[in-house]
Amino acid sequence: MTMLRRFLLIAVSSCMLLPSLAKGDEAGVNETHMGFPGGKCYLYRLLLTDKHGTPYSLSHPEDYLSGKAIQRRNKQGLATDSTDLPHTPAYLRRINAVDGVKIVSKSKWNNTVVVRLVNENSLETLTALPFVKDAIKVFTAPDTIKASARLIVQNDLALRGSPDNHYGVAKENINMVNGRSLHEMGYKGRGITIAIFDGGFMNADRIPALRNVNIKGTHDFVAFATDDIFKESEHGTKVLSTMATNLPGKFVGTAPEADFWLFRTEDTYTESLAEEDYWAAAAEYADSIGVDIISSSLGFQDFDDKSTSHTYAELDGDHALISRTASLLASKGIVHVNSAGNDGIGTWKKINFPADARNILAVGSVNMSRVNSSFSSVGPSQDGRVKPDIMALGSATAVINGRGVVSNDMGTSFAAPIISGLVACLWQSAPTKTALEVMDAIRKSADNYDTPNNIFGYGIPDFLKAYTLLNDNR
Numbered sequence: 237m238t239m240l241r242r243f244l245l246i247a248v249s250s251c252m253l254l255p256s257l258a259k260g261d262e263a264g265v266n267e268t269h270m271g272f273p274g275g276k277c278y279l280y281r282l283l284l285t286d287k288h289g290t291p292y293s294l295s296h297p298e299d300y301l302s303g304k305a306i307q308r309r310n311k312q313g314l315a316t317d318s319t320d321l322p323h324t325p326a327y328l329r330r331i332n333a334v335d336g337v338k339i340v341s342k343s344k345w346n347n348t349v350v351v352r353l354v355n356e357n358s359l360e361t362l363t364a365l366p367f368v369k370d371a372i373k374v375f376t377a378p379d380t381i382k383a384s385a386r387l388i389v390q391n392d393l394a395l396r397g398s399p400d401n402h403y404g405v406a407k408e409n410i411n412m413v414n415g416r417s418l419h420e421m422g423y424k425g426r427g428i429t430i431a432i433f434d435g436g437f438m439n440a441d442r443i444p445a446l447r448n449v450n451i452k453g454t455h456d457f458v459a460f461a462t463d464d465i466f467k468e469s470e471h472g473t474k475v476l477s478t479m480a481t482n483l484p485g486k487f488v489g490t491a492p493e494a495d496f497w498l499f500r501t502e503d504t505y506t507e508s509l510a511e512e513d514y515w516a517a518a519a520e521y522a523d524s525i526g527v528d529i530i531s532s533s534l535g536f537q538d539f540d541d542k543s544t545s546h547t548y549a550e551l552d553g554d555h556a557l558i559s560r561t562a563s564l565l566a567s568k569g570i571v572h573v574n575s576a577g578n579d580g581i582g583t584w585k586k587i588n589f590p591a592d593a594r595n596i597l598a599v600g601s602v603n604m605s606r607v608n609s610s611f612s613s614v615g616p617s618q619d620g621r622v623k624p625d626i627m628a629l630g631s632a633t634a635v636i637n638g639r640g641v642v643s644n645d646m647g648t649s650f651a652a653p654i655i656s657g658l659v660a661c662l663w664q665s666a667p668t669k670t671a672l673e674v675m676d677a678i679r680k681s682a683d684n685y686d687t688p689n690n691i692f693g694y695g696i697p698d699f700l701k702a703y704t705l706l707n708d709n710r
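Read in order, the letters of the sequence shown correspond to residues 237 to 710 in the numbering used here.
Since the hints were made in silico from the structure, they are not lab data. None of these values were measured; they are calculated from a predicted model. Careful, some of the hints might be misleading.
Taking lysine to aspartate or glutamate pairs in the DMTMM-like style, the calculated list, with each CA pair at most 20 Å apart, reads [unchecked claim]: (1) Lys382 - Asp552; (2) Lys452 - Asp441; (3) Lys342 - Asp370; (4) Lys701 - Asp676.
With these hints in hand, go ahead and build the complete structure from the sequences.
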């Protein structure tokens, strides 16, 4: 079970100022079933041996990275390396030439490809290729899935203005971490690009409160891509709203002037290892187009095929493909913020993957009293690193749901984007700093930095203090 599904089990939609959507109504949206797109199939992750014969060169990154991506790396003194080189085209052609096989996802950092097979008999031909080192089954198609449909959008938030409170119902989201101080200095995320990885962004293109959000583009990385990410899960819409909403006196997010890319990496209808491959592909694409921050409120450990589920021993930031990928992001100049997980009251208890990754900010949840939420996953990583890294308000967080209605929802899923938005504001204030320096300042600003533990990590950050730490060392 991914963290997104676990969030659905613990989420509370207690409306602030409007009647909340009844559970029956919300469930009814997806009650219709349909055959699996394209029929029965299997996905395998192929591990390739090398990149011999690639026409790409480390001396010409402009052939596979955007100017913005190169500028981001140059500014932080980061060089391209062999992981950045695209796959050998000849290898990809030979794989696609196998009868009944199609490449549906790729990761150049891990030198892997995911292939769709209509018949597993093709696997023998694939594994016989001299450049294929191994093959791992990551997905088996179910017979049917639920059909998705759009929710009906409310035309107005119907909130009364609050002239004495610029942030409206979202004031506690930002107040707990002292992010308002950055906004008051003029740092609201302008010029910083955030990519959101999620399972869908229900009606984010139609909700009036999100009409002025700076959405630069969208992409669906799931192998069986939807024709419209805006009719999929509302979880991503809620995440987006915590950062991007800009309705003074009603609801203001933590980065209202940032730019956003919306990526669907989560298949909400099944749980499989393939979703880690989709996530990795999205991370590499985000890097290539010059994204500065990745905000991911997803986490994995338990899959439909129990034989592929993760174990505690794998929580080392390197074992799982998704964590290995996340651990590389800072070396590409990207700050990655990930929710810690909602397993605190479950049997797993621990952080999810990729919250175990190195050089990221894994965010746990606290309530209004600054006490850890019972559902918030705990650390440490298997190799003893402090996890979660920091904490923010996750029970309950003000969000805007897929109907365009303000509600209070619970989960580390919403604590994480509160932080992501303020990372953008902080980095705007000190654009010459590296991803590692930005994350280090945020950890050092937290109220438990001197005595970190496996419940609170380094604690609740203070973004004014982080600003001082970062800018005093210019």
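Evaluation of the provided hints:
1. Lys382 - Asp552: Violated, at about 35 Å.
2. Lys452 - Asp441: 12 Å, holds
3. Lys342 - Asp370: 15 Å, holds
4. Lys701 - Asp676: 12 Å, holds
Comparing the model with each earlier hint shows a violation of hint 1 alone; every other hint is respected.
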